[in-house]
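Following the hints, complete the assembly by docking chains H and V onto the known chain W.
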Amino acid sequence: MSPFIRIAITFICSIIVFTTSAQRNDMAEVKGGTYIPLYGVDSTTVDVQSFKMDVYPVTNREYLNFVKENPQWQRSRIKRLFSDGSYLSDWEGDLSYGEKLKPNAPVTSISWFAAKNYCELQGKRLPTVDEWEYAAMADQTTADARRKESYNQQILDWYEALKTFKKEIGSTFKNYWGIYDLHGLVWEWTLDFNSVLISGESRKDVDKDSNLFCGSAAVGATDLMNYAAFMRYALRGSLKANYTMRNLGFRCVAPLENINENHSK
Amino acid sequence: MKINTTKKLVLRSTQLAGVASLLFSCAEKEKKVYASTAEIPAIREMTAELTSPPHVPTPVGKRKAKKLIVDMEILELESEMTNGVRYVYWTFGGTVPGSFIRTRVGDEVEFRLKNHPDNKLPHNIDLHAVTGPGGGAESSFVAPGREKVFSFKTLNPGLYVYHCATAPVGMHIANGMYGLILVEPEGGLPRVDKEYYIMQGDFYTKGANGERGLQPFDMQKAVNEHADYVVFNGSVGALTGDNAITANVGETVRLFVGNGGPNLVSSFHVIGEIFDKVYVEGGDLINENIQTTLIPAGGAAIVEFKVDVPGTLILVDHSIFRAFNKGALGMLKVEGEENKKIYSGELREGIYLPEGPGIQTMPSTDETPESEIPAKTMAEKMEFGKATFMQTCFACHLGEGQGIPEAFPPLQIRII
Amino acid sequence: MKNTLKIVLLFLLIGTLTGCNFGKSDKLETVTYECPMFCEGEKTYEEPGTCPICNMDLTLVAEKEKKEGEISDLSIYNLPSVWTTQHNEEIELKELQGNVVVMVMIYTSCPAACPRLAADMRNIEKQIPADKKKDVTLVLVSIDPETDTPERLAAFAKENLMESNQWVLLRGTEANTREFAAVLAVNYKRISPLDFSHSNIISVFDQGGELVHQKEGLGVNHQETVSKILELVN
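Residue numbers (the numbering used here), protein chains in the order written: chain W, 1 to 265; chain H, 266 to 681; chain V, 682 to 915.
Read the hints as simulated data drawn from the structure, not as lab findings. Treat the hints with care, as some may be off.
As a list, the in silico PhoX-like pairs of lysine-lysine whose alpha-carbon atoms are at most 25 Å apart [as the list claims (entries may be wrong)]:
1) V:LYS813 <-> W:LYS240
2) W:LYS100 <-> W:LYS148
3) W:LYS148 <-> H:LYS379
4) H:LYS459 <-> H:LYS471
5) V:LYS813 <-> V:LYS775
6) H:LYS379 <-> V:LYS909
7) V:LYS909 <-> H:LYS413
8) W:LYS148 <-> H:LYS486
9) W:LYS79 <-> V:LYS813
10) H:LYS459 <-> H:LYS379
11) V:LYS775 <-> W:LYS240
Looking at chain W on its own, in the form it has when it is part of the complex (with noise of 0.2 Å):
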């Protein structure tokens, strides 16, 4: 062989391994299971098939991107059912994000709408609530840590640090699942973000009898110490689709299956 083919090979196998491999480590498998959100049903568990989910939440980099390729997505042309008027309100302009964001931050001030449709168009889809909650019940080294009590300080401590959304993807811990930044950068939007059923009225949100809500007896919470989840789900609740905040960010999941089948293709 000589060695022009043999670099040639090399080039070709390593440019294989690389786009493969970059194409898994985007994304973790968190196996499925069962386990008791803080907003239950009726049965109290809940069961969560395997999925795939982002490494890290979408960066301002990999959202420039996506609004190239995407001109109806930009700041200037988002349609305004699909956001209020603060979509994107840091960035400089429609393709830039100007020099204060760092390229590596999450990307923030985007809305559901537009969180899902990035995903969707990606092949992906938002995570739901109890599939980012269950990822996130991780600490380093357990799948679910919420019982010890450094875990939940440790997310606390976050919850009250300031302006943590200027930070880079990946400066917190890797999870059990391999995932980072569940905790401690920015929140992120799930797929049925519109499944909490608070009021914002916390104390009356315990009451069974409330018109607001048909059968909100089932919106009683399952552990009252757990205060991190509080936090989540009260945020949840005062969000609409069309929001956009900026300590929030999103990353997308993928269905297992549809992970294998590209993967042996």
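Coordinates of chains H and V only, in the frame set by chain W:
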């Protein structure tokens, strides 16, 4: 001619009477007594003056009920709890307690609650002065970067607490989300010389009291009600030293005192004063000549007293360890002429010997005090010696006996 | 002398009369400005100038001009989704365009709130004058597309006396439904295989598909909703 004048006079007097009656009827309309405060009309619009503690806005005086616009901004910010200890406060208007809101009965308050875009959490407000579901909590639930507007009519005069009621409620309150709203009666509260705004709150930090650095909220301590800090106006020292409130001798001072909690009840007391008047629990009932008044968590009281002598009055929660170990202490500095009749100051000092001269002995047990047990081993000798050194010598001659040049000579001996 | 006195008295009279009168002066038609970036949402300003947030020049709020067949940025007809009706016909939302649309989200197996919401919808329908009925479409959207087949929707319509042409019952995919709920700010969650917990909101859209009115709660007074509809069709 004469007749004419009389006619004119009659004419004039009827005209005058007409005007007078019109004036009178008009005045009567203004002084109309309403069947309920809900019927007081609110006329014209006005933006409410909001103040940071310990200050309060201008009294309502004789102004009519109005449509009152309250612009309140929620800010999550880092600030100092005490020397070297930082804390992330969640605030109404950038201070703990939140901005003071002053209204009068019958006002229609248009409340505009703004959640700063840098904030992380949704918030809301429950004003105890509101007659309506959740005290406004439901209508004011607002995500960061947004504004919610709702309105209410002030029906009952009194001093009321407001606070955030977003889940987990305790945490939002523990981080400082409370303040006071005053609803003055028709015509306003009686005039006084000085008015101040003070609010107690308990704080729960990961580190113990005094542990330095940025201290996060400790949920477990909060649930167990083990406060690390109990303070007036959000931090240790918010009302002491240069921050002390002031008055002059002869002035009447009114304190609007609230208690945000979240857990502890306050036994509010001013050392060296007696409250001439206490509006018990912030309501209509006035009690007189009170030493200590109880302010429940989520409650308030108005206290008034005339300061007669100069000096520094100390404001405390008379659950006294809170005052001296956890920060629940404030100062009111009174300046002016002394009045020896009311308070003399020290008159004389002398020897007190009830049983005549001679050496007094205290009854004691036969046990030898620990410090007098002789050392048995060399190691013990060394240990005791070190303890003695630390107690007696260390302060001047320092740890290694090196001393301080020009002041305290070194103790080192060179062993050859 | 006499005249001066009279004049003074007259002034006094006028003064006292107007003094008692606190009536508001009529509002003039005002021109408003908005930030081109909508930094503060839909906030408008009375004076021209710059936006307090991004400092861009404020622009005049243009009269909303709706050309025939064209929809605004805020119209729900921007949603591309396809739905199935109780008659098993596929429709796109924008086919509803041109009529005032009254919309509620329900599920047919709902035991408690939905029958009441359906009753509320019927009550609203009753209050629309006969000659205007053709201009109003009443839409019920299922939040349980899995269970609510077109047959079930048809049965529900029959049961609830919603058989005239004005009534449209829709089911979509799970994703479309979630998105549609997001637009209406309706929250819902499946709490058992056949049961949902959901917000009770009736929404009114104008002929161009813009949300103009929402009323939340059960057994609330729908007078406001009805007058909004009448205002739109007249």
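Structure-based check of each hint:
no.: 1; hint: V:LYS813 <-> W:LYS240; verdict: violated, 33 Å
no.: 2; hint: W:LYS100 <-> W:LYS148; verdict: violated, 37 Å
no.: 3; hint: W:LYS148 <-> H:LYS379; verdict: violated, 35 Å
no.: 4; hint: H:LYS459 <-> H:LYS471; verdict: violated, 38 Å
no.: 5; hint: V:LYS813 <-> V:LYS775; verdict: holds, 20 Å
no.: 6; hint: H:LYS379 <-> V:LYS909; verdict: violated, 29 Å
no.: 7; hint: V:LYS909 <-> H:LYS413; verdict: holds, 23 Å
no.: 8; hint: W:LYS148 <-> H:LYS486; verdict: holds, 16 Å
no.: 9; hint: W:LYS79 <-> V:LYS813; verdict: violated, 31 Å
no.: 10; hint: H:LYS459 <-> H:LYS379; verdict: violated, 31 Å
no.: 11; hint: V:LYS775 <-> W:LYS240; verdict: holds, 23 Å
Comparing the model with each numbered hint stated earlier shows that hints 1, 2, 3, 4, 6, 9 and 10 do not hold.
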